[in-house]
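J.: What follows is each chain in one-letter form.
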Amino acid sequence: NAGVMQNPRHLVRRRGQEARLRCSPMKGHSHVYWYRQLPEEGLKFMVYLQKENIIDESGMPKERFSAEFPKEGPSILRIQQVVRGDSAAYFCASSPAFGTVSTEAFFGQGTRLTVV
Amino acid sequence: KQEVTQIPAALSVPEGENLVLNCSFTDSAIYNLQWFRQDPGKGLTSLLLIQSSQREQTSGRLNASLDKSSGRSTLYIAASQPGDSATYLCAVRDDYKLSFGAGTTVTVRA
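Residue numbers (the working numbering), protein chains in the order written: chain A, 3 to 118; chain B, 20 to 129.
Okay, chain B solo, but in the shape it has when bound:
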C-alpha cells in the first residue's frame, strides 16, 4: 500500500523567502506525481505534474523535482508572496489511483 508523507506539516516564512516543500512515498512504481494547491474551503488546483521518467518540471516560480528511486519529490517556490499562502498537497499515481499526503500549510508573512 502506497504511503505518502509531507514534511513539514506547516511552514511560516517572510515574504520574499524561497519555500522548500518535501514529499516522500514508499512505493517507487508510480506513473506520475502531481502537486496541488488547496485554499481554505476550496478545491484542488493542479500546479505541476511530473511523469515517472522525468526529473523535474518548472512553471513560473515553481519547480518540482522527482527522485523516483529514493521515493522523494521536492517543490520549490521562489520569492514567496502572501498570495502563496495555502496548503500544498503531493499525490502519486499508481495506475489510476492517487495517494495523497496530508499536505504542508504555508503562511507567507507580508
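Isolated chain A, as found in the complex:
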C-alpha cells in the first residue's frame, strides 16, 4: 500500500508563473489536507478536501491560491502568479474518514517550492 504521494518533490518557478502541486492520497483514503511549512516555522493548515468538495479552506490565502480534489485523479494545489513569499514546503496528508480519536494523519514527502 503506497503512502501519500506528492509530486513534484522540488519545483522552481519564476515570479508571476503558476505552480501546480499534486497529491495522491493513500489507497482507501478520501480526505486530503494541505499544510504549508515556511522556513523556520511550523506547519500551518491550509485546506481540507473530500472528493469534489472543499470542506474548510480557512487557512488558504484569499487570492492566488486554490485547491481541488476531483472525483478522479489527485488533489491539486494551485498557486497563481507566485511571489517570493510563496517559497515553502507544501505537505499533503490523507485520512480515511472524519476526525475521530483514532484518526491518524499520514503525510507525503512534500513539495519544496522555490520562487526565483
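By construction, these hints were calculated from the structure, which means they are not laboratory data.
Don't take each hint at face value.
Only pairs whose alpha carbons sit at most 20 angstroms apart, straight line, appear in this in silico EDC-like list of lysine to aspartate or glutamate [said to hold, decoys possible]:
{"hint": "1", "chain 1": "B", "residue 1": "K87", "chain 2": "A", "residue 2": "D58"}
{"hint": "2", "chain 1": "B", "residue 1": "K61", "chain 2": "A", "residue 2": "D58"}
{"hint": "3", "chain 1": "A", "residue 1": "K73", "chain 2": "A", "residue 2": "D58"}
{"hint": "4", "chain 1": "B", "residue 1": "K116", "chain 2": "A", "residue 2": "D58"}
{"hint": "5", "chain 1": "B", "residue 1": "K20", "chain 2": "B", "residue 2": "D113"}
Keep in mind that this is a model prediction, so the values were computed, not measured.
On the provided structure of chain A, position chain B as indicated by the hints.
T.: For chain B alone, kept in the frame of chain A given last:
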C-alpha cells in the same frame, strides 16, 4: 484557536543519554495528539499517536505521555543514538484539523 508550543527549540546531547521533549497546547478539547519526526528536507514520519482518553503510548525506545487536562505531552526517547538526530513535531487534532508546534531539533553527538 489552538496554540501548540514545544520546548526546548533545540537540544544537543551525547549518545546514550535519554531525551525529554515537551509539548503544550491551549485547548484541551482534542481528539488525539501525534508525534512526528522530520529529517532535513524530508517529509513527516508518524512516531506515536495518543488518543484523548489515553495517558501514554510506547513504541520501542519511544514513550509519549498525555495529560489532557493540563494541556501537556512529553516524548521520551531512551538511550539516544546519532540516528535519532532530527526535528520532532507535536500535533494536536481538533476534529479534522492538526495544529503543529514549531518543533524541537535534536542533535545526538557520537
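J.: Given the hint that K73/A pairs with D58/A, test it: the Cα-Cα distance must not exceed 20 angstroms.
T.: Since the Cα atoms of K73/A and D58/A sit roughly 18 angstroms apart, the hinted pair holds (cutoff 20 angstroms).
J.: Is the straight-line distance between the alpha-carbon of K87/B and that of D58/A 20 angstroms or less?
T.: violated (26 angstroms)
J.: Please verify whether K61/B and D58/A have alpha carbons no more than 20 angstroms apart.
T.: violated (26 angstroms)
J.: Quickly compare the C-alpha distance for K116/B and D58/A to 20 angstroms and report which way the hint goes.
T.: holds (9 angstroms)
J.: Given the hint that K20/B pairs with D113/B, test it: the Cα-Cα distance must not exceed 20 angstroms.
T.: holds (10 angstroms)
Hint compliance for this structure: hints 1 and 2 are broken, all remaining hints hold.
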